[in-house]
Amino acid sequence: MSDRENAPKPESARMASHLANTRAAQGFMDIDWSRPWLAPLAERGERWRRAALESYPAYLSTLNSDAHTDPHVTGQGKPLSFIAQDELPAGASYEGHIAETGCVPTRYNLHDFFNAAMWFQYPRIKAALNAGQAAEIDVLGIGPTRGAARDALTLFDENAILFACADASLAAALRAFDWRTLLGEQRAAWGLRCEARIFGHALLQKLVVPYKACTGHAWIVEVEPAYFSASASDAGRRAILDHAVSERLKSEAISSRSFTPLPVLGVPGWWPENEVPSFYDDPQVFRSGRRSPTWRAPEPDVEAAASSMLKSLSQSRPGSRG
1 MSDRENAPKP ESARMASHLA NTRAAQGFMD IDWSRPWLAP LAERGERWRR AALESYPAYL
61 STLNSDAHTD PHVTGQGKPL SFIAQDELPA GASYEGHIAE TGCVPTRYNL HDFFNAAMWF
121 QYPRIKAALN AGQAAEIDVL GIGPTRGAAR DALTLFDENA ILFACADASL AAALRAFDWR
181 TLLGEQRAAW GLRCEARIFG HALLQKLVVP YKACTGHAWI VEVEPAYFSA SASDAGRRAI
241 LDHAVSERLK SEAISSRSFT PLPVLGVPGW WPENEVPSFY DDPQVFRSGR RSPTWRAPEP
301 DVEAAASSML KSLSQSRPGS RG
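First residue of the sequence shown: 1, per the UniProt record's numbering; consecutive thereafter.
Hints are computed from structural coordinates only; laboratory data are not their basis.
Treat the hints with care, since some could be wrong.
Distance windows between CB atoms, simulated [to be verified]:
hint: 1; residue 1: S288; residue 2: G77; range: 40 to 48 Å
hint: 2; residue 1: P79; residue 2: E252; range: 23 to 31 Å
hint: 3; residue 1: N64; residue 2: R180; range: 44 to 52 Å
hint: 4; residue 1: P283; residue 2: S55; range: 25 to 33 Å
hint: 5; residue 1: E224; residue 2: E252; range: 15 to 23 Å
Where is the CB? At the ideal position from N, CA and C, for every residue including glycine.
Let the hints inform the model, and build the full structure from the sequences given.
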């Protein structure tokens with residue numbers, strides 16, 4: 001059978017597009033801004049959601065209006081803007097195109113909705129990730145696999161949780177998978193000496209319809225106790241994290257070993273059911289991992305989770321997105 005015979009019929013293509021848009025619209029309607037992990041995005045996000053429910057062009061126009069009034073730059077210093085996915089030139093690398101032009105190809109779906117949101121929440125981190133990806137592409141090109149460096153950058157971009165911490169013992173408990181200490185005995189420390197902020201846009205997409213096993217890759221950020229002072233604003237805390245993490249991404253190589261799993265619904269205050277101590281008795285979610293706080297070899301469950309997530313992303317994205 002020829003390629004022409006294999007090509008989708010116009011009616012079939014229209015039907016597929018309609019179904020995809022219907023699913024996307026339902027996804028936008030499912031967003032609940034009262035969720036603790038989504039609340040920081042609510043003010044801007046609700047405007048974006050209303051525009052998305054109006055139309056794809058209205059949605060892109062709203063993103064670009066915000067990019068004009070609240071300007072940021074991509075990995076090579078180009079002014080940030082948003083374009084339809086179809087405007088990405090054939091054969092072009094997604095990250096390379098963003099770095100070179102400032103234009104972020106954006107699909108009409110929740111995944112890219114939250115990706116765009118992170119460009120405004122943490123613009124320096126996003127630019128540093130984009131610069132790292134573009135540099136790897138310049139050296140190695142686009143192939144069937146990303147390579148270890150790009151895998152780690154992608155993992156951060158898609159699934160990272162920023163774990164801000166002013167208490168080394170809490171960071172040690174996280175690294176040791178000591179859930180009883182971190183999420184049980186030290187519940188009162190959350191908001192006073194540590195906190196979690198979702199960065200990964202694929203993780204945010206999953207958490208629109210949360211489930212117990214949903215797990216992010218925590219990136220520990222050491223902060224001063226003043227970070228948690230009552231006078232510190234949400235925007236101020238985000239700015240601290242944005243600066244600190246972006247500088248690390250510029251100066252050090254990362255791998256999957258740089259992260260520690262954190263089951264999102266186990267975070268104190270984030271899910272009513274975790275008020276009951278038995279919530280943490282589920283070994284399929286709250287697994288015992290590393291043997292001690294100082295053992296730094298790669299944890300098999302971390303590696304497996306990262307590999308699975310990256311594989312699913314590569315299958316769901318257009319090939320040019322790399």
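**OP:** Note whether the CB distance of N64 and R180 lies within 44 to 52 Å or breaks it.
**Re:** 48 Å, holds
Original post:
Lying within 40 to 48 Å: is that true of the beta-carbon distance S288 to G77?
Top reply: 45 Å, holds
Original post:
Between E224 and E252, does the beta-carbon spacing fit 15 to 23 Å?
Top reply: Since the Cβ atoms of E224 and E252 sit about 20 Å apart, the hinted range of 15 to 23 Å holds.
Original post:
Is 25 to 33 Å right for how far apart the beta carbons of P283 and S55 are?
Top reply: Roughly 47 Å apart at Cβ, these two residues miss the hinted range, so it is violated.
Original post:
So does P79 sit 23 to 31 Å from E252, Cβ to Cβ?
Top reply: For E252 against P79, whose Cβ atoms are near 28 Å apart, the range 23 to 31 Å holds.
This entry does not satisfy hint 4, going by the numbered hints stated previously; all others are met.
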